[in-house]
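Chemist: Sequence:
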Amino acid sequence: MSNARVVTVGHSTRTLRDFVRLLSANGIAVVADVPRALERAGIRYEPLPDLAGRRPKSPQPQGRPCFRNAGFRNYADYMLTPGFRAGARRLMALARHGPVAVLCAEAVPWRCHRSLIADWLVVEKGEPVDDLVGDARRAHRLTACARRVRGHLSYQLPRRVRNMPPA
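At the far end of the sequence shown sits residue 747, using my numbering, and the numbering has no gaps.
In short, the hints are calculated from the structure, not lab data. Note that the Cβ used here is the ideal one computed from N, Cα and C, for glycine as well. There could be a bad hint or two in this list.
Stated by the list, open to error - Listed next, with one range per pair, are the computed distances between beta-carbon atoms: (1) H677 <-> E704: 33 to 43 Å; (2) H677 <-> A719: 38 to 48 Å; (3) G714 <-> T661: 15 to 25 Å; (4) R594 <-> E626: 31 to 41 Å; (5) R730 <-> T661: 18 to 28 Å; (6) L660 <-> A621: 20 to 30 Å; (7) R728 <-> M672: 32 to 42 Å; (8) R601 <-> R730: 20 to 30 Å; (9) A685 <-> T661: 21 to 31 Å; (10) L660 <-> L596: 28 to 38 Å; (11) P629 <-> K705: 13 to 23 Å; (12) R620 <-> G706: 29 to 39 Å.
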């Protein structure tokens, strides 16, 4: 089993029973931002509203051409705020006590804001993160346009790509 203390997972259309089995099989004892029904199965609920998705457009958008989806652009902008950093600190504090799952409804991480949270943890904090995809657990792969720029996460496209003529 991996040494990652943070795991991302999507409940998708799984039954509660199947979802609890998946979490238990992966040693997850705490889930951040999920329905309270998990508490009855012995998995602690820990709301992290500062990391929730569906962020409005930033008053000062950074222009993220690598994301076609406005929701991802908005969330990437939100990641620059004190609110996001507070939520990330809380998540890392939880992870110091045992594995924590960051949850969303999306089955696959690359269609969900939890992939951006994982990018941030890997690049900014050097924290290993795993993704649960189906029943498999694998090391998080950075979002396609994620870059480490002077030690920080960036979603800006490299200059050579930005200047290419449209296809």
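Chemist: Take the hints in turn and mark each one as holding or not.
Modeler: Hints, verified against the model:
1. H677 <-> E704: 33 to 43 Å: violated (21 Å)
2. H677 <-> A719: 38 to 48 Å: violated (22 Å)
3. G714 <-> T661: 15 to 25 Å: 33 Å Cβ-Cβ, so the 15 to 25 Å window is violated.
4. R594 <-> E626: 31 to 41 Å: violated (20 Å)
5. R730 <-> T661: 18 to 28 Å: holds (20 Å)
6. L660 <-> A621: 20 to 30 Å: violated (36 Å)
7. R728 <-> M672: 32 to 42 Å: The hinted range 32 to 42 Å is violated for R728 and M672, with Cβ atoms some 18 Å apart.
8. R601 <-> R730: 20 to 30 Å: violated (43 Å)
9. A685 <-> T661: 21 to 31 Å: holds (23 Å)
10. L660 <-> L596: 28 to 38 Å: holds (36 Å)
11. P629 <-> K705: 13 to 23 Å: Holds: the Cβ-Cβ distance is about 20 Å, inside 13 to 23 Å.
12. R620 <-> G706: 29 to 39 Å: Holds, since R620 and G706 (Cβ atoms, about 35 Å apart) stay within the stated range.
Going down the numbered hints, you'll see the structure goes against 1, 2, 3, 4, 6, 7 and 8, while the others check out.
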